[in-house]
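> Listed below are the residues making up each chain.
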Amino acid sequence: MIKTIACALLLLFSTTLSAQTIKGKLFGTTDNGKEILPGGTVLWIGTTIAATANENGVFELSSEGITDKRIVATEQGFKTDTIIIGDKTYVSVILRKSENELKSVTVTDSRAAYLSSNTIKTEVINQRELSKAACCDLAGCFGTQASVQPQTTNVVTNAQELRILGLSGVYNQVLFDGLPMIQGLTYTYGISTYPGTVVDNIYVSKGTTSVLQGYESISGQINLESKQPDKAERIYLNGYVNSFGEMHLNVNVASALGKKKKWHSLLALHTVQPAGKTDGNKDGFLDLPQLTRYMIYNKWRYGNDKAKGLSTQIGLRLVNEKRTGGQMNFNPETDKGSTTVYGQSVQYIQPEAYAKTTYRLSDKNAIMLALSGFYHDQQSWFGTTNYTATQYNAYINLQHEWQWYRRHSLKYGLSYRYQNLTENISFSGNPTGKTFAGMYTTKLSVPGAFAENTFHWRDDKIVLITGARLDQHQVWGKYFTPRTMLKYVLHRNHTLRASAGSGWRQVNLFSEQNNLLTGSRDVIFAETLKPESAVNWGLSHTYTFEAGKKVSGTLSADFYSTHFSNQFFPDYDTDPTKAIIKNFEGISWSNGLQVEASFIFFKQLEFRTAYNYLDVYRRENKVKVTLPFNPRNRAMAAISYRTKNNQWQADANAHWFDKMRLPNTQNSPVEYRRPSYSVPYATLNVQLTYRIKKLELYGGCENVANYRQAKPIISAENPFGKYFDLSSVWGPTRGREFYFGVRYSVK
Amino acid sequence: MQKVIQIILVIFVAVFSLQASAQTTDSLKTATIKVVNLHCTNDMPTIKKQLQNQEGVEEISFTDIDGDQSIFTVSYHNSATNQQQIEQVIESTPGCDDKSSTPYKVKKESSRKKKKQ
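Protein chains in written order, with this note's numbering: chain A, 44 to 790; chain B, 865 to 981.
Keep in mind that a hint or two might mislead.
Unchecked claim - Within a straight-line C-alpha distance of at most 27 angstroms, the following computed DSSO-like cross-link-like pairs (lysine-lysine) qualify:
id, chain 1, residue 1, chain 2, residue 2
1, A, Lys-349, A, Lys-454
2, A, Lys-66, B, Lys-912
3, A, Lys-302, B, Lys-972
4, B, Lys-913, A, Lys-737
Everything labelled a hint here was simulated from the structure, so no lab data went into it.
I would like the entire structure built from these sequences, with the hints used as guidance.
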């Protein structure tokens with residue numbers, strides 16, 4: 044009898060036990076059916092008992108003590124849904140795409156650039172958008188965008204920076220896989236070293252952004268997300284040649300490794316071989332430098348950071364680059380430092396490594412450690428100026444993520460930034476009497492602590508991010524950096540966003556002000572430079588609409604204002620033969636307005652147009668001085684058409700630039716003076732793409748109208764004279780450029 | 865009397881268990897499926913991705929390619945799917961190279977072999 048009762052109780056108990064958890068799978072609808080949603084969240088209604096879907100979309104919830112058997116399933120970009128579980132122990136949950144975020148979440152090849160649904164207004168430039176232009180390197184990837192403006196900083200070596208809100212590239216933060224790899228010496232040529240073929244998405248945000256990535260990013264942030272080894276094409280080849288003879292070759296190979304295929308690896312090789320010598324404007328200088336670059340990049344990925352347990356991502360990169368520009372007959376082997384033939388020769392090697400490791404303890408808790416570092420060794424000649432420099436950089440970030448209540452989450456942690464930049468400057472000849480030869484060391488050692496909270500209210504209609512960080516500069520002491528961002532979904536089609544916060548950064552003088560090395564002016568150090576600091580705020584409105592299945596579009600407008608409390612400008616005006624280095628603590632502002640409209644017709648025709656208004660100035664002796672190279676008005680339009688079978692695609696984009704204020708040359712002799720303002724100009728770029736199975740052929744023309752700035756180099760006929768000046772370049776200098784390329788991919 | 869009580873108790877537990885099992889009819893099963901006509905290492909991840917998007921499929925693992933075949937171990941919830949459906953999904957997976965073809969085949973064990981076992 045007792046045995047029978049015991050058996051019965053055991054049977055009863057085991058039945059009860061098995062009902063203590065429910066399992067399920069979370070899906071989201073797609074254009075082709077449904078797909079699992081790893082990272083999606085489910086929780087028992089009215090409780091904080093939640094679970095996150097793993098890499099297979101599977102979730103498991105304890106039902107102990109649950110009386111109301113309904114679960115709430117959420118995932119960004121999908122409509123939150125409540126599902127009655129009742130007595131079921133297994134359930135499939137399918138979330139429908141949120142109409143409000145229909146055009147802003149799912150990244151697929153069928154859609155080009157779009158606005159993300161992030162709390163911070165973020166433009167996402169994906170692979171499809173990148174394929175609309177040659178996009179040989181990062182600077183060439185913004186041809187169909189209005190927020191980022193590539194600007195040449197040295198016409199001889201074709202060094203470029205990416206400007207946001209009309210402010211120098213040093214005020215925005217360029218991240219690679221979320222890590223700060225472009226700083227100091229890597230800033231000067233760094234953006235060109237990332238070929239478009241390793242980039243999966245580019246995220247562009249204006250204004251101050253999250254404090255998690257540091258105290259910089261005053262005017263915005265550009266985050267390059269490299270291709271994920273587990274999702275990248277198994278083999279990808281891209282070859283390119285332009286009408287100047289410059290050739291690019293890229294090879295990517297991705298594979299799964301290990302017994303259980305848990306490791307994924309991507310190996311990318313990239314090379315650029317130099318163009319022939321061209322001097323279209325007959326000023327005796329090469330129109331574009333002779334560039335030789337080799338890059339090898341290897342990325343590893345293990346696990347999924349949304350699933351419990353360990354996941355990691357490791358990147359290794361090596362860049363070796365040589366640029367030679369200057370007079371047509373300059374030979375870098377024999378003429379370095381020559382006082383008779385002018386040339387610039389830059390050669391550097393740059394190994395980099397980074398790792399991001401996450402250990403997810405539970406659905407609500409995760410610890411993340413990010414490490415990155417690079418070394419840069421540069422040997423350069425700028426005319427008679429010899430510049431050799433080395434830089435060591437390290438970055439450590441340890442953070443804990445804690446979902447403390449429903450979807451409210453807190454991220455906090457510690458960081459450390461280290462930089463040791465050593466620059467040696469000497470002159471092989473010194474006809475203008477420069478006095479700044481010597482060794483310069485710029486160090487940065489900044490430990491910091493940070494915390495950022497994200498609140499989600501009313502089914503994500505209101506999302507508020509509040510964050511702050513405290514950093515200790517080794518010389519200038521503590522810096523407090525608060526930032527906040529708000530997103531309010533007013534209506535399913537209307538989203539309002541606002542952001543405000545501060546930022547600061549240390550100046551790396553010669554790598555950021557290349558003109559000091561290339562020009563004829565002497566550099567006078569009047570005082571030690573303090574870190575630059577600024578406050579930025581911004582507002583934006585986004586309206587998305589769909590007219591049936593045939594037409595959809597996005598209209599958006601944003602305004603950002605940046606107010607510097609200390610900004611560095613070399614003083615070129617006090618003495619025309621000198622650049623005086625001192626802090627500028629007067630008023631310095633940037634106000635930027637952007638209005639943009641994009642439409643998609645019948646999923647085949649895309650049209651985007653944008654207008655930018657920029658007012659970037661500083662006040663000197665109560666006089667408003669507009670900063671050079673910023674057109675007050677700028678407009679762009681891009682159109683893309685592809686046939687239904689996606690075999691043919693035609694793209695065109697046009698950019699119009701209003702006049703820009705130029706550096707003051709009125710103190711120079713008449714023959715070396717330039718007008719105070721440039722003339723308005725426009726450029727047109729076109730491309731045609733043909734796809735056949737795994738092969739893609741593309742060809743195009745940049746600067747179709749062959750517009751070029753007349754005499755971009757002042758005193759080009761006398762490059763060793765005291766009026767030789769490379770700092771007045773405001774427009775195209777190389778004229779029309781044809782190109783042809785081929786892409787081959789095996790998925 | 866004791867026997868009667870035992871019989872009542874057993875019937876009660878049986879009925880209760882049946883009722884309970886009616887509420888929780890789901891159980892986790894494992895299927896071992898031999899897939900043939902594979903030609904490269906990316907075929908298995910392609911099939912895995914297709915299976916991941918099926919209702920009821922909880923976990924998928926596979927062996928290294930051996931000749932042109934690999935063995936998939938699929939755990940699934942029998943309330944949501946079954947082995948036949950899983951095999952159909954595998955055989956309807958587009959090839960990783962040529963999306964217009966469905967090259968993967970499930971190799972069934974012969975009935976004689978099954979009997980031997």
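> For the pair supplied as a hint, Lys-66 of chain A and Lys-912 of chain B, is the alpha-carbon distance within the 27 angstroms limit?
holds, 20 angstroms
> With a cut-off of 27 angstroms on the C-alpha distance, tell me whether Lys-913 of chain B and Lys-737 of chain A pass.
holds, 21 angstroms
> Check whether the Cα positions of Lys-302 of chain A and Lys-972 of chain B lie no farther apart than 27 angstroms.
With Cα atoms ~25 angstroms apart, Lys-302 of chain A and Lys-972 of chain B stay inside 27 angstroms; holds.
> Would the hint linking Lys-349 of chain A and Lys-454 of chain A be met if the CA-CA limit is 27 angstroms?
Given pair Lys-349 of chain A, Lys-454 of chain A holds - Cα atoms ~15 angstroms apart, limit 27 angstroms.
Every hint, counting from the list given before, is met by this structure.
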